[in-house]
Amino acid sequence: MGDGPVMSMNRLLLPCLLLLLCVGCGGSEPAETEPASATPAAEPAAPPVRWAIAIHGGALSVVRPDLEQQDYRAALETALRTGTVILERGGTSLDAVEQVIRVLEDDAKFNAGKGAVFTSAGTNELDASIMDGRTLACGAVTGVTTVKNPISLARRVMEDSRHVFFAGQGAEAFARQQGLRIVDPRYFFTQDRWEALQKQLQQDGAEPVAAGDKQGTVGCVALDRHGNLAAGTSTGGLTNKRFGRIGDSPVIGAGTYASNRSCAISGTGKGEEFIRNAVAHDIAALMEYKQLTLQRAAEEVVLRKLRPGDGGVIGVARDGSIAMVFNTQGMFRGAADSTGRLEVLIGKD
Numbered sequence: 001m002g003d004g005p006v007m008s009m010n011r012l013l014l015p016c017l018l019l020l021l022c023v024g025c026g027g028s029e030p031a032e033t034e035p036a037s038a039t040p041a042a043e044p045a046a047p048p049v050r051w052a053i054a055i056h057g058g059a060l061s062v063v064r065p066d067l068e069q070q071d072y073r074a075a076l077e078t079a080l081r082t083g084t085v086i087l088e089r090g091g092t093s094l095d096a097v098e099q100v101i102r103v104l105e106d107d108a109k110f111n112a113g114k115g116a117v118f119t120s121a122g123t124n125e126l127d128a129s130i131m132d133g134r135t136l137a138c139g140a141v142t143g144v145t146t147v148k149n150p151i152s153l154a155r156r157v158m159e160d161s162r163h164v165f166f167a168g169q170g171a172e173a174f175a176r177q178q179g180l181r182i183v184d185p186r187y188f189f190t191q192d193r194w195e196a197l198q199k200q201l202q203q204d205g206a207e208p209v210a211a212g213d214k215q216g217t218v219g220c221v222a223l224d225r226h227g228n229l230a231a232g233t234s235t236g237g238l239t240n241k242r243f244g245r246i247g248d249s250p251v252i253g254a255g256t257y258a259s260n261r262s263c264a265i266s267g268t269g270k271g272e273e274f275i276r277n278a279v280a281h282d283i284a285a286l287m288e289y290k291q292l293t294l295q296r297a298a299e300e301v302v303l304r305k306l307r308p309g310d311g312g313v314i315g316v317a318r319d320g321s322i323a324m325v326f327n328t329q330g331m332f333r334g335a336a337d338s339t340g341r342l343e344v345l346i347g348k349d
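Letter by letter, the sequence shown follows residues 1 to 349 in my numbering.
None of these hints come from the bench; they were simulated from the model.
Keep in mind that a hint or two might mislead.
No farther apart than 30 Å at their CA atoms in a straight line, the calculated lysine-lysine pairs in the BS3-like style are these [unchecked claim]:
#1 Lys290 x Lys114
#2 Lys199 x Lys290
#3 Lys290 x Lys148
Label-pair distances were calculated between CB atoms; the ranges are [stated by the list, open to error]:
#4 Thr339 x Thr190: 36 to 44 Å
#5 Asp71 x Asp95: 25 to 33 Å
#6 Glu68 x Gly179: 31 to 39 Å
#7 Arg276 x Gly244: 41 to 49 Å
#8 Arg181 x Leu136: 36 to 44 Å
#9 Lys348 x Ala74: 39 to 47 Å
All of these numbers come straight from a predicted model, not from anything done at the bench.
From the three backbone atoms N, C-alpha and C, an ideal C-beta is built for every residue, glycine too.
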C-alpha cells in the first residue's frame, strides 16, 4: 500500500523542522569566523622629493668646538635658504646654484670671492664653474682678479658664448663685455688671508696650502621641480699657490659635474687629487654605468679612491637623494629638500 496523506506531510515537514532547530541554535552564539589577517597595514609612502639642494663651504682639516662655528652655521643657513626659496617657488636649479654661490662669494668667511686666499705673488686669483644637467652645457673661468662674482661669469660663459673655459685676461675681457660687476682687486683683500700668506712665505720652501682649518672652496648642487640638476663651485685656490696654478674647482668633471642621467656634484679639497681622479664625473659614472646609489658612488670615490684628508663632495641625485661625503675631519655643509629637511653640519655628525 502507498503512504497515507499524513505520512507524506510528515516527510515534508521533518526537514523544515530540523532546519528551524539549526537556525535557533545558531542564534544563541555567533558562528565562528576565520581569524583576521596578522599582516600589518602598509605604512603610507613618503612624499616624493620635488626639489633638493646641498651646499658646502670647504673641507676642514681640524674642527674646533668654539663659538665661531655659530657664525659659519648662520652663514651656511642663509645661503641654503636663498636656494630653497628659489626652488620652492619653481625656480630653476641653475638659478639656485648661482645665487647660493654668490651669497657665499660675498661672505669673507669663505675662500671664494671676497676673502679669497692670496697667491705667492700677493694677488687674489679666482676660479669658478657651473654645469646644467639637462643639456650638459657648462662654463668655467680661472685666474679672475676683478670680477666680483666669478660664478656669474662662469654662467655667462656657458650661456652667452660658444666656449666652455676662459682664463685670465680673456675671462676679464668677456666679463666687461657682458656687463658684469667689475671691482678693484683690493675688494678681495682680508687681513687674515694676508697674514696667512706672510706666515707661509716666512717658512722657507713652504708648499702652497689649503685655506686652513676652517675655510675653503664653496659649492652648490640642486634639483628643481622640473627634474633638472645643476652644480657649481667657486674658490680662491690655495694660499701661496704658484703663478698660473689651476685647481679642480673650474675643471668640469673634477670639481664640478651635473647630468640628469645621474646626479650633480661639487667637490672641495686638494684640487690636484680631484683632477687626477676625475672625482665629480667618476661618481656620476658609477651611478650611470653600475646603477649605484648616489651615497654608495660618493663613498666609493671619496672614501676608497682618494687618500684620507683629500677632501669631500656634496651631491644630489635625480631622485632627490642627497649625499655629503668627506674623508677630512669635517666639512662645512648643508642640505634641504621639499619634504621639510633643512640641516647645517660641520663635523662628522
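> What are the numbers of the hints the structure violates, in ascending order?
Replying inline: 1, 2, 3, 7, 8 and 9
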